[in-house]
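Undergrad: Once you've looked at the hints, dock chain D against the given chain P.
Protein chains in written order, with the numbering used here: chain P, 256 to 592; chain D, 31 to 309.
Just so you know, the hints here were simulated from the structure itself, not pulled from any lab data. Just so it is clear, the structure is predicted and the values come from calculations on it, not from any experiment. Cβ atoms here follow ideal geometry from the backbone N, Cα and C, with glycine treated the same way. Mixed in with the good hints there might be a few duds.
Unchecked claim - Over the 12 Å line for every Cβ pair with chain P, so calculated as not near, a few chain D residues: (1) Arg47; (2) Gln104; (3) His305.
Unchecked claim - Straight-line Cα separation of at most 30 Å, DSS-like style, residue types lysine-lysine; simulated pairs: (4) D:Lys286 / P:Lys364; (5) D:Lys39 / P:Lys364; (6) D:Lys169 / D:Lys216; (7) D:Lys286 / P:Lys379; (8) P:Lys468 / P:Lys454; (9) D:Lys216 / P:Lys582.
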Amino acid sequence: MGYFLKKNNLLPYLEFLQKEKNLNVIVPVLNRNSASCFEELSDANAKNIFLDSRTWFSPKKFFLPNREREFLFEKKASSLEIHETIKHSQKVIFGMRSCDLHALNVLDKLFLDFYGYDLLYRNKRHTTLTIGIDCKKESENCFCESMQTDKPDFFDLFFWEKKDGYFIEIGSERWEELYCKKFFEETRETKNKSAEKCKTRLNTKELEKIFEKNFEHKIWESESERCLSCSACTQVCPTCYCFTIKDFFLLDGKNSERYREWDSCQLQQFTKVHGGIFRQSRKSRLRQFVMHKLSYYKQEHNLHLCVGCGRCISVCPVQISLVQIAKEIQKNPLEGK
Amino acid sequence: MHEFESPLKPELAEITRVKTETGSLKTFTVSFSDKKTLKKFSFAPGKFMMVSIFGFGEMPISISSSPYQKHSLQLTVNAVGNISRAMHLLKTGDKIGLRGPFGRGYPIQRFRKKNIVFFSGGCGMASIRSAVYAVNAKKELFGKLFLFHGCKSPQELLFREDIEKWEKEGDFNIFVSVDNPTPDWKGYSGFPTDLIARANLPVENTVVLLCGPQIMMNIAMQKFKDIGFKPEQFFVSMERLMHCGIGKCGHCNIGKEFVCVHGPVFSGTELEKMHLAEG
Numbered sequence: 256m257g258y259f260l261k262k263n264n265l266l267p268y269l270e271f272l273q274k275e276k277n278l279n280v281i282v283p284v285l286n287r288n289s290a291s292c293f294e295e296l297s298d299a300n301a302k303n304i305f306l307d308s309r310t311w312f313s314p315k316k317f318f319l320p321n322r323e324r325e326f327l328f329e330k331k332a333s334s335l336e337i338h339e340t341i342k343h344s345q346k347v348i349f350g351m352r353s354c355d356l357h358a359l360n361v362l363d364k365l366f367l368d369f370y371g372y373d374l375l376y377r378n379k380r381h382t383t384l385t386i387g388i389d390c391k392k393e394s395e396n397c398f399c400e401s402m403q404t405d406k407p408d409f410f411d412l413f414f415w416e417k418k419d420g421y422f423i424e425i426g427s428e429r430w431e432e433l434y435c436k437k438f439f440e441e442t443r444e445t446k447n448k449s450a451e452k453c454k455t456r457l458n459t460k461e462l463e464k465i466f467e468k469n470f471e472h473k474i475w476e477s478e479s480e481r482c483l484s485c486s487a488c489t490q491v492c493p494t495c496y497c498f499t500i501k502d503f504f505l506l507d508g509k510n511s512e513r514y515r516e517w518d519s520c521q522l523q524q525f526t527k528v529h530g531g532i533f534r535q536s537r538k539s540r541l542r543q544f545v546m547h548k549l550s551y552y553k554q555e556h557n558l559h560l561c562v563g564c565g566r567c568i569s570v571c572p573v574q575i576s577l578v579q580i581a582k583e584i585q586k587n588p589l590e591g592k
Numbered sequence: 031m032h033e034f035e036s037p038l039k040p041e042l043a044e045i046t047r048v049k050t051e052t053g054s055l056k057t058f059t060v061s062f063s064d065k066k067t068l069k070k071f072s073f074a075p076g077k078f079m080m081v082s083i084f085g086f087g088e089m090p091i092s093i094s095s096s097p098y099q100k101h102s103l104q105l106t107v108n109a110v111g112n113i114s115r116a117m118h119l120l121k122t123g124d125k126i127g128l129r130g131p132f133g134r135g136y137p138i139q140r141f142r143k144k145n146i147v148f149f150s151g152g153c154g155m156a157s158i159r160s161a162v163y164a165v166n167a168k169k170e171l172f173g174k175l176f177l178f179h180g181c182k183s184p185q186e187l188l189f190r191e192d193i194e195k196w197e198k199e200g201d202f203n204i205f206v207s208v209d210n211p212t213p214d215w216k217g218y219s220g221f222p223t224d225l226i227a228r229a230n231l232p233v234e235n236t237v238v239l240l241c242g243p244q245i246m247m248n249i250a251m252q253k254f255k256d257i258g259f260k261p262e263q264f265f266v267s268m269e270r271l272m273h274c275g276i277g278k279c280g281h282c283n284i285g286k287e288f289v290c291v292h293g294p295v296f297s298g299t300e301l302e303k304m305h306l307a308e309g
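Same shape as in the complex, but just chain D:
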C-alpha cells in the first residue's frame, strides 16, 4: 500500500457471477478490476472483506470461497439490511468496492494432524465453507473430519451441492439438521446442537470451528464441554457491527478486543475472558 493511500478507500471489483442460494441468500463471485491487486490478493479462511455498495454503504462480509481459488473470491450475502438488500439487486458486470481481507482467520496451519469439527448455523456456513475448502484441499494433513450444519428449513439449506459432494467423497462425517422440516426432508429435524452427543466424536486431539448465531454457538460449546471438550479446543467466529475494519471506528469493541482486528475468530480461552453478554 502506498504510504498516503487511505486504508478506507475501496478497490473496484466486478461481479462475475451471481448464484441464488436460498430465498434470502446469494453468492456473488467477484474479481478485482485492477490486475495487480488481484494477483497480490490472498486470505486465510475466517477473514472478512468490507464490501461497498456505492451510494448505500459498506458492510463486513466473510469470504466463503476457497483460499486456493485463484482470480476471484466469493461473498455469500444475506439480504437483511439496506446495503445487503441493495447488493442483492446487482447483476453480473456491476461494480462494487472491496477492502480487505481484515481480521484474524481460523489458524488452520495449527490444526495439522488434529481431528476437526466444523459447526455452523444458518449463514455462518459462509465462513465455515472457506475453512472446509482449505482443509479438504490438503485433507491428508488432518485427522478425522466432521461437519455439523443447522438451518431453519430444507429450503434454507446453504451450499447444498457442496455438502452433497463432500458427503459423496466420504472424507467428512456430515450431520445436517433443520428446525422446521418439510414432508420430504429425510434428515434430522431439530437443532444441530442436539446431534453433538450422538456423533461419537473423538475428544482428544480435536478442534472445533464454530460460526453461526451467538445463541447457537453458546449452546454448542456447552454441549461440547459436556462430552469433555476444553475451551482451548474451540475457535469461534464472532459477529459485530463494523464500519472500518482497522480498529478505529469503535463499533466492534468487546472489552479490550476489537473484533475486526483481534477477531473475528477467537479461541475459546480468549472468549472466556471476554464480556460476551452486553459487553
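One chain only, chain P, in its complex shape:
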C-alpha cells in the first residue's frame, strides 16, 4: 500500500507544505531567461514550475550557498567576540532528480563524514527534506545509468509520475513531516519501471585507473586549447564543492566578517601561493576537473564525484565533454602503461 497524489493537487499540496507545515518550499522553475533553476515557491513563480527535465542549475546552492557569512568578528574594548552564523529555516526541496539526490549523498559524505563534519553544511542539511521526482525522459547529455545514479535513493519522498498523478514512495523516517491527509490517497499503484535509457553511455569499469595511467594523454592538450577557463562547468555541477574563505571589514572601522564563497579549480588563483601557481596551464586545470570527477574521488572514497547529470556538458560554451574525453582515452590509451 502506498500513496497517490493527483496532478491537479500538486500545487495545492506544495502550498499546504508552505502554509500549514511552515516549510520553505523550493521548486524547480523556468525563469524569464529560459534557464531552469530551483527557487522558493511564490505566487509569482507558481505557474512556472518546471518538471520537463533536470534543471540547468543544480540544487546544491541550498546546502552550499554561493556566498554565505560564516562569522562576525566583533571587537570589544579589550577582547574580540566571534559570532557564528546559525540558520535554522526548515525547508523542503521538491523536484530533485535521481542524479540530484545522489549528488546530495556525495556532498553528505564529504561534509558530514570524511575527515570530520562542516557545521554550516550540517545545519542546512539537517533542516532540509527532499522530494524526488522521476525522469520520464532523458535530459540533454545525461548519462546517469552509466554512473549508476539512475536508481533514486537518499530521499524522504519520491514522486513517480503516472498518467494523472504521482505514486509516492516513502524513503525515510522523516517522511511524516511531509504527510498530508487531505491530498494523499491510498493506492495499490507501484513505482515505475526504469525510464527510457540515456543515449549517452560511458563504460566506467576501472575508469579511475585508466585516467590515472593517462595523466599525460594528448587529449588534455588538444581539448584545453579551446577551454576558456570560464568555470561554468563547476558552477552548474551538483557535486563541485570547492570554496574559498575571505574576510571583509565592516565600514565601522573595527568589526569584520568572514565569508565563504564558491571557488573553481578552473581559475588560476585557485592554486596561487606566494611561490607561484601550481596549476598554471589550462590543460592542468581542465584535467583537474575531469579527473577529480571521474578518478581521484573514486580512488580515495570508492565513489565517483560525477553523478552523470550532464550539466557541465550542456553548459560548456565550447562543447568540451568529460564523457568524450573519457571515451577518447579508453579508445586510444597511452602505450606501455
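TA: Here is chain D on its own, set in the frame of chain P:
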C-alpha cells in the same frame, strides 16, 4: 570539541612576543587566551596552524617552535601576501585567531636509532626547526644528525642564533649556504643542494627531512638519489593554498590526496605516485 562547534571557528590567541628575524620574516610567539585550550594543545613537528588575522583572512602557517615548549607556540611568517603583511603590523598584546594543529607531521618516533638529515631552504626552516628541536631534546635516541640550510643572502639567514647554538653544541654536522654572499660571509656560497655530495653522508639507516621551495626539494632529492638514497628515506613537507585545513575547501588537492589532511609531510614513496607537476 563540542559536537556542534564549527571546526572552522578560530580560537582567540594573544601575541606575547614579536621577533624580527630578517627583512621579511618575523617570529610571533602566541598563546591561546583560553586556559583549557592552552593546556590541551599539543602538536607534532611538521603540522600547521590556520592563523586568522581578523578582517584580513586566514592562512596556513607551520609551527616553528619545539613540541616540548609549554604554554606557547611560535609561528614564523614571511610577509608575502595580504594576510601575512597584515600580521607583520601586529604587536605584542594583539589578538589573532588560531585553529589546529592540522595535517600529518614528520613521523619522528619512527626515526629512532636512525641518522637524520634535515634539509631546508628559505622559510622552509620554520617547520624543520620544530623537528630539529624535537630530535635535539632526545638526541640520545637518534644516530648522526646533519642539517643543511640554504638562503638567499647572509641577511636572510633564518634562526641564526639557533644554528650557531646547535653548531657550538657539536651534535649536528651543519652546512649552511647562501646564494648571494656578502664580502664578510665566511661560509659556503651557492646552492645547498651542491653540498650534498661533499658531506660524506651515511646512506644506510638514514632519513632525510625536507622543507623549502619545490624546485630546491626536487633537485635535492635527485642529488640524494645520486649518492644512493631511496625514495622511502625522504619525508617532504609540501606547500599548497589552503582555506579550511579539514579536507573540505578543495584547494590543496593533489590527485587523490589533500595536503591539509594527508600531508603536508609526505614520504618519498607517496610522492612518486603523486602528480607533482601541474597535478
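Undergrad: Next step is simple, just say for each hint if it's right about the structure.
TA: Status of each hint after checking the structure:
{"no.": "1", "hint": "Arg47", "verdict": "19 Å, holds"}
{"no.": "2", "hint": "Gln104", "verdict": "20 Å, holds"}
{"no.": "3", "hint": "His305", "verdict": "6 Å, violated"}
{"no.": "4", "hint": "D:Lys286 / P:Lys364", "verdict": "16 Å, holds"}
{"no.": "5", "hint": "D:Lys39 / P:Lys364", "verdict": "21 Å, holds"}
{"no.": "6", "hint": "D:Lys169 / D:Lys216", "verdict": "28 Å, holds"}
{"no.": "7", "hint": "D:Lys286 / P:Lys379", "verdict": "27 Å, holds"}
{"no.": "8", "hint": "P:Lys468 / P:Lys454", "verdict": "28 Å, holds"}
{"no.": "9", "hint": "D:Lys216 / P:Lys582", "verdict": "61 Å, violated"}
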